Amino acid sequence: MVLKKEVIPHSSLDRVKQLLEIEYFDHVFSDYILKYNWCNVGFLSYQFGYNDEIVLDWLVNRNLECSDYHILQKEGLIIIANGDPYTVLLECKTGNIYVFTSDTSYDNKIQIASYFEELIKAMGTGQYSLWNNIEKDFIDLMSSIVTEKGLDFWKDFVGLY
Numbered sequence: 010m011v012l013k014k015e016v017i018p019h020s021s022l023d024r025v026k027q028l029l030e031i032e033y034f035d036h037v038f039s040d041y042i043l044k045y046n047w048c049n050v051g052f053l054s055y056q057f058g059y060n061d062e063i064v065l066d067w068l069v070n071r072n073l074e075c076s077d078y079h080i081l082q083k084e085g086l087i088i089i090a091n092g093d094p095y096t097v098l099l100e101c102k103t104g105n106i107y108v109f110t111s112d113t114s115y116d117n118k119i120q121i122a123s124y125f126e127e128l129i130k131a132m133g134t135g136q137y138s139l140w141n142n143i144e145k146d147f148i149d150l151m152s153s154i155v156t157e158k159g160l161d162f163w164k165d166f167v168g169l170y
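So that you can map any letter, position 155 of the sequence shown is 164 in our numbering, and since no number is skipped, the others follow by simple counting.
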């Protein structure tokens, strides 16, 4: 997978913050979304943006169209990726990455990464492990990084049950 280097102006991020009423974005996430065009990047069944020249439009629309956006906003969270069965969330202030399903309350969201770059590296490694039939090695690696609930996400991500 190759990320397309992009120069997205900082004003685009300011627009996202204004439209989603966010005070602060974690700097790691901010740096990555301003450096690269995430318009159609995906790992296995998880998609960051879709059919968007600049992913920031997708980011705004995906959040504002969420029926529970008022809850996400109150919790300081935004949706950054869609998948099956999980939705991926960013905690705007800390950069922590969480997932939840339609059956999960926001209070029971599951942390799967400590920051955006860690998420991307893990998803890329998971995709590689699936393509090379070494899913167990990937899960062994992830077991030293995440909690048992977080590990359930990564097992599901690579289809290892």
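Please keep in mind that the hints were generated in silico from the structure rather than gathered at the bench. Please note that a few of the clues may not be correct.
Below, computed lysine-lysine pairings styled on DSSO-like, alpha-carbon distance capped at 30 Å [said to hold, decoys possible]:
1. LYS44 with LYS83
2. LYS130 with LYS83
3. LYS102 with LYS130
4. LYS145 with LYS102
5. LYS145 with LYS83
Distance windows between CB atoms, simulated [what the hints assert, rightly or not]:
6. LYS130 with GLU15: 33 to 41 Å
7. LEU73 with HIS19: 20 to 28 Å
8. LEU150 with SER76: 32 to 40 Å
9. SER152 with PRO18: 36 to 44 Å
10. GLN82 with TRP140: 31 to 39 Å
11. LYS145 with HIS79: 20 to 28 Å
12. THR110 with GLU74: 15 to 23 Å
13. THR103 with LEU28: 20 to 28 Å
Predicted model only: the values in this text are computed from it and were never measured. Where a beta carbon is used, it is the ideal one built from N, C-alpha and C, also for glycine.
Each hint tested on the structure:
A distance of roughly 28 Å separates the Cα atoms of LYS44 and LYS83; the hinted pair therefore holds under the 30 Å criterion. Restraint check: the Cα-Cα separation between LYS130 and LYS83 comes to about 29 Å, which is no more than 30 Å; the hinted pair holds. Under the criterion of a C-alpha separation no larger than 30 Å, the hint pairing LYS102 with LYS130 is consistent with the structure, at around 21 Å. At roughly 33 Å between alpha-carbon atoms, LYS145 and LYS102 are farther apart than 30 Å, so this suggested pair is violated.
Of the pairs offered as hints, the one joining LYS145 and LYS83 is violated, with about 38 Å between alpha carbons and a cut-off of 30 Å exceeded. Remark: the range hint 33 to 41 Å for LYS130 to GLU15 is contradicted by a beta-carbon distance near 20 Å. Taking 20 to 28 Å as the suggested C-beta distance range, the pair LEU73 and HIS19 conforms, at roughly 21 Å. The hint said 32 to 40 Å for the Cβ distance between LEU150 and SER76, and at roughly 36 Å that hint holds.
Between SER152 and PRO18, the C-beta spacing of about 41 Å keeps the proposed range 36 to 44 Å intact. Range check, GLN82 to TRP140: Cβ separation about 37 Å, and the 31 to 39 Å hint holds. Taking 20 to 28 Å as the suggested C-beta distance range, the pair LYS145 and HIS79 does not conform, at roughly 41 Å. Roughly 18 Å separates the CB atoms of THR110 and GLU74, a value that falls within the hinted 15 to 23 Å.
Taking 20 to 28 Å as the suggested C-beta distance range, the pair THR103 and LEU28 conforms, at roughly 21 Å.
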